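Colleague: Take a look at the letters that make up each chain.
Protein chains: 2
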Amino acid sequence: MEVAKLKKIRKALGERVRVLRKAKGFSQEEFAYECDLHRTYMGDIERGERNISIDNIAKIANALEVTLSELFDGLK
Amino acid sequence: MEVAKLKKIRKALGERVRVLRKAKGFSQEEFAYECDLHRTYMGDIERGERNISIDNIAKIANALEVTLSELFDGLK
Numbered sequence: 001m002e003v004a005k006l007k008k009i010r011k012a013l014g015e016r017v018r019v020l021r022k023a024k025g026f027s028q029e030e031f032a033y034e035c036d037l038h039r040t041y042m043g044d045i046e047r048g049e050r051n052i053s054i055d056n057i058a059k060i061a062n063a064l065e066v067t068l069s070e071l072f073d074g075l076k
Numbered sequence: 001m002e003v004a005k006l007k008k009i010r011k012a013l014g015e016r017v018r019v020l021r022k023a024k025g026f027s028q029e030e031f032a033y034e035c036d037l038h039r040t041y042m043g044d045i046e047r048g049e050r051n052i053s054i055d056n057i058a059k060i061a062n063a064l065e066v067t068l069s070e071l072f073d074g075l076k
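So the protein lines, in turn, are chains A and B. In terms of the numbering used here, the first sequence is residues 1 to 76. In terms of the numbering used here, the second sequence is residues 1 to 76.
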């Protein structure tokens, strides 16, 4: 898989996290706290700048109260 | 989120990869090659022993010809 495609997926996941996080009424800082992740790390995630791992993806899905499948819904 | 819960998710994802990989008729070695990942790393993934990142998850979904959402289908 090309790097450009992988970056696109990171970006799409970050956008999805941002949309769902805002829909739950969390600020980025509050949400990072809920996920037990650092605030600046959460910013990086939402901008698609990190190769986030399954453990941290699971913490985010848990805080958003969605399944992993729902979190990835619509991502190609 | 508790470590036990995160481990359970890693295990469930590994199981899911194994089932879908076998359904496609790939040996673990062939499949690792398709994903551009190391054979021993793929074994670790299927046993839930790695905190796999989104880039590698995307490579696996791509080789399985499923969406990310489908890959996580049924995982809690």
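To be clear, the hints were calculated from the coordinates, so they are not data collected in a lab. Hints should not be assumed to be uniformly reliable.
[Said to hold, decoys possible] Pairs of lysine to aspartate or glutamate residues, derived as EDC-like cross-links and limited to a Cα-Cα distance of at most 16 Å, are as follows:
#1 K76/B - E2/A
#2 K59/A - E2/B
#3 K59/B - E2/A
#4 K11/A - E2/B
[What the hints assert, rightly or not] The calculated label-pair distances, taken between Cβ atoms and stated as ranges, are:
#5 G74/A - M1/B: 41 to 51 Å
#6 S27/B - G25/A: 26 to 36 Å
#7 R47/A - E29/B: 33 to 43 Å
#8 E29/B - S27/A: 39 to 49 Å
#9 K22/B - S27/A: 37 to 47 Å
[To be verified] Partial chain B-side listing against chain A, Cβ under 7 Å, derived:
#10 L6
#11 I9
#12 S27
#13 Q28
#14 H38
#15 Y41
#16 I52
#17 V66
#18 D73
#19 L75
What you are looking at is a predicted structure, and each value in this text was computed from that prediction instead of being measured. Note that the Cβ used here is the ideal one computed from N, Cα and C, for glycine as well.
Colleague: May I ask which of the numbered hints given earlier this structure violates, with the numbers listed in increasing order?
Modeller: Numbers 1, 4, 5, 6, 12, 13, 14, 15 and 17 - these are the hints that the structure violates, sorted from lowest upward.
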